[in-house]
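Residue numbers (my numbering), protein chains in the order written: chain X, 1 to 206; chain F, 1001 to 1200.
In case anyone wonders, no lab produced these hints; they're calculated from the structure.
Check before you lean on any hint, since a few could be wrong.
Examples of chain X residues toward chain F, derived with CB under 7 angstroms [unchecked claim]:
hint	residue
1	N105
2	A109
3	I111
4	W149
5	V200
Note that the Cβ used here is the ideal one computed from N, Cα and C, for glycine as well.
One-letter residues, chain by chain:
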Amino acid sequence: MAYRYRTETVETGNVIEPSWWNANMGELASEFNGGLDRDNLPLAGVTQARLAEDACNSIVNATGSSSSSYTPSVETTGWQGSTEISVSTLEVTVDSLLIIEWSGNWTWAGISTAGSFDGSTPTEDAVEWRITVDGSEAAVTGPIGDQRWKDSVWLCAAVPVAPGPHTVAIECRIAERDFDGLSVNDKATNDLTLNDRELVITQRKR
Amino acid sequence: VSTLTIREIEEGEDLVIATVNDSLDSWNMASQGLGASNFREEGIDHRCLDDGAVLKAADDIDTGTAIPVNGGAAAAVLNDGTDDMVIGPFNLSVTDDEKIVVRASLYYAMATDDTEFTVDIRYGSSASGPWTQMPRTVRTHAMRTGALFPVGKGSISITTLHAVENNSTLYFALFAESGPTGADDTEVDSVTFFAEQIAR
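Chain X on its own, in the form it takes in the complex (with noise of 0.2 angstroms):
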């Protein structure tokens, strides 16, 4: 309830009766500890300065956001990630969104140049990349073949996470594939070198 009416009206001539008394000021009362809403607010009454920092959004400074150039192995055919490619952790206090973006720019060494890729020698390097939060897959590409010898991806995720320490991690996966990029054959031959990229995090929160 926005407006609180006096409960008993004194009139002049009145004798004040204590109740009306407490009536009135009680009533004032519940309404201020806990009652207040829009109504008790001007229209646009809230302006930016009168909004705590960051009341609604943060926008995450992530760990690994670069341009120095960073050489993920290639003796693993499995996930790795890493803080130069890009980690953050960041502490969530209320239920919130991460709206979480990522993209990044890469070169091969080499290219998978055996053959012309007509069925003799069907495989090539491949990479793929993905957002994992807390350790889940929230996007992954397909592999990306080395054929464009420098190329970049933008991926994007949006994730419910409730309060608490989150982690928001990029990992690659670096592989010989068969040339349907569907199954890994070996170890990649050509390193990739991961060049310019960016993490953004922004948590929404209402």
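We have chain X; now place chain F onto it with these hints.
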């Protein structure tokens, strides 16, 4: 957080000054420190918020297709060997210390005599520059000699974060370059640019 405490009076007691003043003091203290617990759960909605209190993006969004970077009416062809502004400039007037998120995407079709295509986002203090490259926004696509597909077609998307200071006006634009040299025949299309200020 303010809690209002009213001293009750009872029938038959003398109404003393302290009884009234205690309640007045409580009113005074409460009125100076309203907090979250004074408001009803879900009691504040968007009507209370001033325009731009949380998100200021209404005039800072633009989209476009087939941007004529050469000044032609229809061509979206890049000048080989030099950079071209493919969309922009857009400007934001910053009224608080804020972070600006800038997003851009485009489609390109590299011509047969071109092997490399690069985009980046830049900012400046005026619509005519000078332009400074935003960190971490360079995206290059390139085809190596001997690749199965010598002509590249693809799309590039970028999201970046930029911290800005109070009372500044910044201009943003997306630049692209094809090459290395030769005929001006690499094209861009479906260009989208979006910059937003998230205030709170």
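Comparing the hints with the structure gives:
1. N105: Since chain F brings a Cβ to about 5 angstroms from N105 of chain X, closer than 7 angstroms, the hint holds.
2. A109: Interface hint status for A109 of chain X: violated (11 angstroms vs cutoff 7 angstroms).
3. I111: 5 angstroms, holds
4. W149: W149 of chain X check passes; min Cβ-Cβ to chain F is 4 angstroms, inside 7 angstroms.
5. V200: V200 of chain X check passes; min Cβ-Cβ to chain F is 5 angstroms, inside 7 angstroms.
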